[in-house]
Amino acid sequence: MAPMDNLSSEELMAKIAEGDNDSFEILVSRHQTSVLNLIYRFIGDRTQAKDLAQEVFLRVWQSAKSYEPKAKFTTWIYRITANLCFNELKSTRRKKWFSFNWSDEDGEHTFEETLADNAPSAEDLLLEKERSSQIANALQSLSENQRMALILKRYDALSYQEIAQVIGCSVSAVESLLVRAKRTLQKKLKNFEK
Amino acid sequence: MKCRNVQKKLSAYQDRELEPREQEQVRSHLLSCRACSEQFAELERVWQTLGEFEEIRPNPWFYQQIVRKIKKPREQRLFPSLQWVPRLLPAPVIVFILLVVGILTGTYLGNILSQSNIFLLHYEQASETVFTSMRVFDPAPPGTLAEGYFRMVSYKEDDSR
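Which chain is which? The protein sequence lines are E and V, in order.
Numbering of the first sequence is given in the numbering used here, commencing with residue 1 and proceeding in unit increments.
Numbering of the second sequence is given in the numbering used here, commencing with residue 195 and proceeding in unit increments.
If you are wondering where the hints come from, they were derived from the structure by calculation, not from laboratory data.
None of the hints are false.
Below, simulated EDC-like cross-link-like pairs (lysine to aspartate or glutamate); rule was C-alpha separation at most 20 Å, straight line: (1) V:LYS202 / V:GLU216; (2) E:LYS190 / V:GLU246; (3) E:LYS190 / V:GLU232; (4) E:LYS129 / E:ASP45; (5) V:LYS265 / E:ASP22; (6) E:LYS187 / V:GLU246; (7) V:LYS263 / E:ASP20; (8) E:LYS129 / V:GLU248; (9) E:LYS190 / E:GLU130; (10) E:LYS190 / E:GLU128; (11) V:LYS263 / E:GLU88; (12) E:LYS188 / V:GLU236; (13) E:LYS187 / V:GLU238; (14) E:LYS95 / E:ASP51; (15) E:LYS188 / E:GLU128; (16) E:LYS50 / E:ASP156; (17) E:LYS190 / V:GLU236; (18) V:LYS196 / V:GLU216; (19) E:LYS70 / E:GLU11; (20) E:LYS187 / V:GLU236; (21) E:LYS190 / V:GLU238; (22) E:LYS50 / V:GLU249; (23) E:LYS65 / E:ASP20; (24) E:LYS15 / E:GLU68; (25) E:LYS129 / V:GLU246; (26) E:LYS188 / V:GLU238; (27) V:LYS203 / V:GLU218; (28) V:LYS265 / E:GLU55; (29) E:LYS90 / E:GLU55; (30) V:LYS263 / E:ASP22; (31) V:LYS202 / V:GLU232; (32) E:LYS95 / E:ASP45; (33) E:LYS187 / E:GLU144; (34) V:LYS266 / E:ASP20; (35) V:LYS202 / V:GLU213.
Ranges of calculated distance between the beta carbons of each label pair, as one might list FRET restraints: (36) E:ARG46 / V:ASN305: 54 to 60 Å; (37) E:ALA71 / V:GLN217: 21 to 27 Å; (38) E:ASP124 / V:LYS263: 34 to 40 Å.
Where a beta carbon is used, it is the ideal one built from N, C-alpha and C, also for glycine.
With the rest of the complex left out, here is chain E (with noise of 0.2 Å):
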């Protein structure tokens, strides 16, 4: 398998369409984590993240024979993983309308909770969790696209080109959805800084 770790993800992927499974475990390893942490960003969930994160590499060996290398390999799986996030989030606000269930409408304290539920008892980590809260419910006070392209520039360096392809839109409208979403941040989080 050492080989094969060299190997470039379009090259894995190649391999993959020929049903190597052991190049498809490369990819995923290689892969998995930004990935999880992408969607758990964007939308909040542990769980959720998971699931989602498993059904974007399902999609990937599902697409393996029709993929073809025309932009970076990473720019390819997070429009999948974008895609995913953004069906996702419309669906849970279609199956809060269909249950009549009203209360978590402002996502006020979803996050919040959420995290609390998974933190550890230790002190010291509880504020990490806090702030860490504090960070997420930031990040959800934004509109999805302007989540999504701070995500991308943020924790994956994607350049605006990458980010434009990502997300479906224009390079100038990553740059204001980046503008106004750092805006809303610097309000957000003034407290938090001091």
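Since the structure of chain E is already known, use the hints to place chain V on it.
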């Protein structure tokens, strides 16, 4: 470069997305302008703060769980994929559709039955049944001892006349 222009470009400057010449212009402006450099420092602080967001790790069985999903028979994967169908219609819409269908069906059946004689016959019988059953509230309901007594009394009264 003027402050207004610089402030517009601060975000792109931070992301290193400006042309090299512009990037340099903003950089030299920040060195000389306190207001703009403070604004940029604020932007940088927020960026640093975002870095404190925890990172989660996938569980050790992550790959095996994906493989299990891949190996699942196609039929089992098909049904969950159809679960979105009812989600298309939210509850109020379904209630409204059921209400409309109910009203239309009721009206249709009512029209058909009112046109048939059988229905009229049944209707008369039914109204008789209703009136008979309503007599349980009489002071002397039919078939009771009290009714027999009242009959006897009224018979005697008729006789005496």
